[in-house]
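Enquirer: One-letter residues, chain by chain:
Number of protein chains: 2
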Amino acid sequence: MPWKKVKNLLATQSILLASGSPRRREILSLLGLPMEVATPQVDEKPPADKDVFSQISEIAEKKAGWARSYYPHHLIIAADTEVILEGRLWGKPKSREEAKAMLLALSGRTHIVATSVVVLFPRRERYLFQEKTLVTLARFSADDLDEYLSCENPLDKAGGYGIQDFFGACFIERIDGCFYNVMGFPLPRFCQFMSRLEFTDT
Amino acid sequence: MPWKKVKNLLATQSILLASGSPRRREILSLLGLPMEVATPQVDEKPPADKDVFSQISEIAEKKAGWARSYYPHHLIIAADTEVILEGRLWGKPKSREEAKAMLLALSGRTHIVATSVVVLFPRRERYLFQEKTLVTLARFSADDLDEYLSCENPLDKAGGYGIQDFFGACFIERIDGCFYNVMGFPLPRFCQFMSRLEFTDT
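Protein chains in written order, with my numbering: chain A, 1 to 202; chain B, 1 to 202.
Hints were generated in silico from the structure; no laboratory data involved.
Think of the CB as a built atom: it goes at the ideal place given N, C-alpha and C, for glycine as much as any other residue.
Check the hints yourself; a few may be wrong.
What the hints assert, rightly or not - Keeping only pairs whose Cα atoms sit at most 30 Å apart, straight-line, the calculated DSSO-like set for lysine-lysine is:
#1 LYS92(A) - LYS45(A)
#2 LYS50(A) - LYS62(A)
#3 LYS50(B) - LYS62(B)
#4 LYS92(A) - LYS4(B)
#5 LYS100(B) - LYS50(B)
#6 LYS132(B) - LYS4(B)
#7 LYS50(A) - LYS7(A)
#8 LYS7(A) - LYS92(B)
#9 LYS132(B) - LYS132(A)
#10 LYS94(A) - LYS7(B)
#11 LYS100(B) - LYS5(A)
#12 LYS94(B) - LYS7(A)
#13 LYS94(A) - LYS4(B)
#14 LYS92(A) - LYS132(A)
#15 LYS92(A) - LYS62(A)
#16 LYS4(A) - LYS100(B)
#17 LYS62(B) - LYS100(B)
#18 LYS94(B) - LYS4(A)
#19 LYS7(B) - LYS92(A)
#20 LYS100(A) - LYS7(B)
#21 LYS7(A) - LYS100(B)
#22 LYS50(B) - LYS4(A)
#23 LYS94(B) - LYS100(A)
#24 LYS5(B) - LYS100(A)
Stated by the list, open to error - Examples of chain A residues lying across from chain B (beta carbon under 10 Å, computed):
#25 GLU125
#26 LEU128
#27 PHE129
#28 THR133
#29 GLU147
#30 PHE166
#31 GLY168
#32 GLU173
#33 VAL182
#34 LEU187
#35 CYS191
Isolated chain A (complex conformation):
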């Protein structure tokens, strides 16, 4: 991968990360590039008439569109990460009770974590890709969850858990695929994706 090319390219741009997720910010900070951050004010409810994977891309597109209207000259990076089980999106829980019910449904099973990433260039080119990872959780009980829910905040995380918190450390038996994707941003794929683009005009 021509990593220097990617880094040099990005270094010439004003970058705006359109995301409220602290984990996504943390992952992208590994690139060591200056980056502005803004939390998109959009309705994240997915359009019900599409398949789940298209729904995720649509939410990411919405976030990118919101950012473009405020930041017309930036290279915009937007993303949406969702948990999928039984063919449907599980979203972010609205309460601890809902988080508990979600997590109990995931206990002892394999689910999909999918992230859609949208990159908008200042000259209006738009790129989109999606990364999927399988996550297998150990079996756990409602009692086990009380411990987790009493000390962590499950409400800002799709599916109610974070791969890097107490829950992830104890209950994620295995993942198959990109683990940064499960954290919220598939950086390896992003770097590969960017390295394949030709930039002659920006």
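Starting from the known structure of chain A, fit chain B onto it as the hints suggest.
Expert: Relative to the frame of chain A, chain B by itself:
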């Protein structure tokens, strides 16, 4: 998993983590339990007459034995993590040049990361398990590595990379198995393992 049982059990013990790895410390801190830490002063050179997976266990046993001689009444946790490719251990690089050569050998291929964990109880019971994870790296060039080697320290990491640093974020295409294992301690497996033990005497 009877998580509360594990946590309550561990809370009754004085725990000593026999490891110099800051990442291992960080992972175990997710348990939220008080823990002492000591860096084992042992020869980590593996015994050449054993298969690679037994070599890793032997190094972990050595570390645990070292800790026992200084901490006779603690519950001791020791571990050794190694990178395996082409049937041999790759160890920690001794110089940046060696790190570069190691990483170039791993480029574009799948290797194994294996950790042996030894748990010694105060009454002399000893337990050992091993966790293996497959890690697939993207193709990268010597040029790509210069960037990494100029800003990170590869010398304290088996194989010369960290899953959570700049390199991991950009070049680890996928992992199959436990990602905490790749960081240096398979905490999910540890919790499951501990939950299956019966403690009547400690």
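Enquirer: What's the verdict on LYS132(B) and LYS4(B), does the C-alpha distance respect the 30 Å limit or exceed it?
Expert: Within the cut-off at roughly 26 Å; holds.
Enquirer: Could you grab the alpha-carbon distance between LYS50(A) and LYS62(A) and see if it respects the 30 Å cut-off?
Expert: holds (15 Å)
Enquirer: Against the 30 Å threshold, does the CA-CA distance of LYS94(B) and LYS7(A) hold or violate the hint?
Expert: holds (28 Å)
Enquirer: Please verify whether LYS92(A) and LYS45(A) have alpha carbons no more than 30 Å apart.
Expert: holds (11 Å)
Enquirer: Taking only the CA atoms, is the gap from LYS94(A) to LYS4(B) under or equal to 30 Å?
Expert: The given pair, whose Cα atoms are some 26 Å apart, holds under the 30 Å limit.
Enquirer: Checking one constraint from the list: CA of LYS92(A) to CA of LYS4(B), max 30 Å. Satisfied?
Expert: Holds, because 26 Å separates the two Cα atoms, which is no more than 30 Å.
Enquirer: Given a cut of 10 Å on the nearest C-beta pair, is the interface hint for LEU187(A) held or broken against chain B?
Expert: holds (5 Å)
Enquirer: Measuring from the C-beta of GLU147(A) to each C-beta in chain B, is the shortest one below 10 Å?
Expert: holds (6 Å)
Enquirer: Does the interface hint hold: is GLU125(A) within less than 10 Å of chain B, judged Cβ to Cβ?
Expert: violated (23 Å)
Enquirer: Tell me if VAL182(A) is really an interface residue toward chain B, meaning its C-beta lies closer than 10 Å to one of theirs.
Expert: holds (8 Å)
Enquirer: Check whether the Cα positions of LYS94(B) and LYS4(A) lie no farther apart than 30 Å.
Expert: holds (26 Å)
Enquirer: Are LYS50(B) and LYS4(A) close enough, with their CA atoms no more than 30 Å apart?
Expert: violated (42 Å)
Hint compliance for this structure: hints 7, 22, 23, 25, 26 and 27 are not met, and every other hint is.
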